[in-house]
Amino acid sequence: MKELLSMFLTFVRIGAFTFGGGYAMLPILQREIVEKNGWCTEDELTDMYAIGQCTPGVIAVNVATYIGNKRRGPIGAISTTLGVIFPSIVIIIIIASCLTHFAEYTVVQHAFAGIRITVCALVTKTIWSLVKKNVIDPATLIIFLLTFCSVALLGVSPVAAVLVCGLAGILLHGGNKKGV
Amino acid sequence: MVYLQLFVEFFKTGLLAIGGGLATLPFLKEIAQTYSWFSVSQLTDMIAISESTPGPIGVNMSTYAGFHAAGIPGAIVSTLALVLPSYIIILIVSRFMEKFRNSPLVNNIFYGIRPATAGLIAGAMFEVFVLSLFDTQAYAASGSLIDLFRFVPIVIYIAALVSVFRLPNVHPIVFIIFGAALGVVLKL
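If you're matching them up, the sequences are chains A and B in order. First residue of the first sequence: 15, per the working numbering; consecutive thereafter. First residue of the second sequence: 8, per the working numbering; consecutive thereafter.
Calculated from the structure, these hints are not laboratory results. Please note: incorrect hints may appear among the correct ones.
[As the list claims (entries may be wrong)] Here are the simulated BS3-like cross-link-like pairs (lysine-lysine), alpha carbons at most 25 Å apart as the crow flies:
1. K106(B) x K84(A)
2. K146(A) x K50(A)
3. K50(A) x K84(A)
4. K147(A) x K106(B)
5. K36(B) x K19(B)
6. K84(A) x K147(A)
Construct the entire structure; sequences and hints are all you get.
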């Protein structure tokens, strides 16, 4: 019960500070889940992100469910999933019922302009650590660059990118170099 | 009755919107057109509000839509319905993951997918990055390269980046709060 509560509260914290969609959550997840609590490894978190791209639903919720289930089975998954959506439900209900012009307040806009910049810096570090760990030879470098360009500049669907790169992984046969 | 309809509609959205975030948008648009719960123009407000509040956008959108359709119970029903498909699917996927974690085939697949995930995250952040640090509109209007750079945000970005690398023990939430404060003080 105590662990379920601590898992719930950890994901409440994660949900409350996830700005700008699932990606911005990664630095906080890394800190809370991998470094502080050791609930999963960095590799598992990365894999979960890729799986979250190809399975339906919100990525943040998928990651929460996966980690909760891994720690304490389906009940654990309920506590983490409810935790990650709890702040959204409370905040949105408050905004929807009394602050209908919330997004138009200048102070809110200034705060979010500032948040976006720091989130960019946090995510830059996360990307750097992912690259350092997973770009291990010329083939993976090409995969990294091609995915970046096709998603950023050509608007290719992430689902397609993950599927194609998984297939490329099979054809390249590189998975056992790293001894995962 | 409205709760059952909300449940079915948002369960469908959660099941079919792949890729998270704004992937729910086309489904919400269809809901707006089919039912009288909220209008398509209210959807635009929802996007603005979702983008300026914490939490996954899909969850925010379903809470907001559910609230407009049927108050607080509506908000709770639609949000739970949205996450239920993920919950079920991830439980099934985890089973497979544990079972095949050490197979050479899965290792090969993830050898290809992991660098791609880094590329995907970089690609998704690229737009936010450009919007925050560069002023493409002013550049397009004046054609002068100086207008392209937003100098204050670029300085903040570099300072934040150096601190993030130099101070690995500081919690990311601290940086986020600091960013919000700087934004308000400097009127970014």
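Tested hints:
1. A distance of roughly 13 Å separates the Cα atoms of K106(B) and K84(A); the hinted pair therefore holds under the 25 Å criterion.
2. For the hint linking K146(A) to K50(A), the alpha-carbon distance of about 21 Å falls within 25 Å, and the restraint holds.
3. Taken as a hint, the K50(A) and K84(A) pair is honoured in the structure, with Cα atoms around 16 Å apart against an allowance of 25 Å.
4. The hinted pair formed by K147(A) and K106(B) meets the criterion: a straight-line CA distance of about 24 Å does not exceed 25 Å.
5. With a C-alpha separation of about 13 Å, the suggested pairing of K36(B) with K19(B) holds against the 25 Å cut-off.
6. Between K84(A) and K147(A) the alpha-carbon distance is near 23 Å, which keeps this suggested pair within the 25 Å criterion.
Violated hints are absent here; each numbered hint is respected by the structure.
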